[in-house]
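**Q** The primary structure of each chain is shown beneath.
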Amino acid sequence: MSCAKYQDRLSDYIDGALSEQERIELERHMRECWSCWVMREDLLYIRQLSRELPDYEPSPQLWDRIVAAIASENASRSSKAPLRMWRFRMRPAFALAAAILVAALAGVLLQSRSPLPGSQNANLSAPVQWNTLSSSLLEIQPTALLLVHKPTIDSEIVEQRIEVLERQVQNRRALWDAETETCFRRCWEAIERSLSHCRYELERDPENAVLRELYLAALKAKLELLKHFSEL
Amino acid sequence: MRPLHCGEWQTVTTKTADSFTDLELAAQSAAGDVAAFEQLYERHRRRVYSLCLRMVGDVTEAEDITQEVFLQVFRKIGTFRGEAALTTWLHRLAVNHVLMHWRKRGIRSEETTEEGDVGGIARPYPLSILDRIALEQAIQKLPPGYRLVFLLHDVEGYEHEEIAAMLGCSVGTSKSQLHKARLKLRSLLRGEG
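Chains as they are written, first to last, in the numbering used here: chain A, -15 to 216; chain B, 46 to 238.
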């Protein structure tokens, strides 16, 4: 048999796909044929090296792009969309939009839990309209919200008020039913994530006025949330 | 698939992410939990992206394809039943998207690419100083069809039967393409391409 014929079998040989007889025959040939032996060594080395090739990392923005595409798809069919819990980890590019969205979160939430808390007739067991809530959030236009959420009070004042309300909420929390607790926790975590990202971005860019506005908007959302739940 | 109720949400979020299997995360994703889907993305993004990058050889295009793959997974995640590994599904989707990408660009899988010496070989002796960079460059110079089979078999570790199923070809074709790919790589690395 010619070298070419033997070499045709080399891939099967290094993958262990030859029959015993074929393998012995090929090995016998390679002991006498330098060029076939070198080819075997080369192919083995290429295969070994290929298995050690590292994985590459896509850019951090790729996940944000995927989430944006999903949100866009969901928004286009929001009337039929099932529950969507947007608890994705927000990266800087999304921190701004997220801060805007959570600023509206409390407002939408309050509307969905009528009658207003504090009322003797308030039906606390009524489920929150998550479908409505998520659909509403998806339809929010960030630019419109920027106009709506102009800061009118200083963040320090808001933070002081938040501290007071936090204590009140903690006192009342034990009385909540599971639905109310879940509802509160969802909103709370979303707002906290936004605040945390805003703080992070502000540390890097403290003079950024838009960031400061968004931070204040998120704080106000937190304040509204606490106000609402402190009365439950 | 049953959607998660509000009360169950905490269970999902308080368990450590690593404790969920792909199947569990897929079920949560199908119920609308994007955090669960992000966890799946975190687990598999590198392998999918690397496969795409090596197949198309362009960072932007590789990211676009990876994005399409994960979007499609999100859309169809409810159909994932765990019979096969999620990785296999992801790779199959990646391969399909790459083939579509090539088709759009009028690239035939058997087409040859620019060839040349990529260096990194001590001839005529075995490949003693071949390094990864030289191999990566040589892979990019393989004809697309050879490259696909080579990446799936030698880099990703799929069997010929699996590759044949992914590409809709025979096992014999997959074997033949792989052998040709390896010979071509050898030739490129020896500067004989």
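If you are wondering where the hints come from, they were derived from the structure by calculation, not from laboratory data. Check before you lean on any hint, since a few could be wrong.
[Claimed, not checked] In silico DSSO-like cross-links for lysine-lysine, where the CA-CA straight-line distance does not exceed 30 angstroms: (1) Lys(-11)(A) / Lys220(B); (2) Lys149(B) / Lys121(B); (3) Lys121(B) / Lys(-11)(A); (4) Lys225(B) / Lys121(B); (5) Lys225(B) / Lys149(B).
**Q** If a hint holds in the structure, say so; if it doesn't, say that too.
**A** Taking the hints in turn, this is what the structure says about them:
no. : hint                    : result
1   : Lys(-11)(A) / Lys220(B) : holds (15 angstroms)
2   : Lys149(B) / Lys121(B)   : holds (24 angstroms)
3   : Lys121(B) / Lys(-11)(A) : violated (47 angstroms)
4   : Lys225(B) / Lys121(B)   : violated (36 angstroms)
5   : Lys225(B) / Lys149(B)   : holds (25 angstroms)
Violated hints, in rising order: 3 and 4; the structure is consistent with all others.
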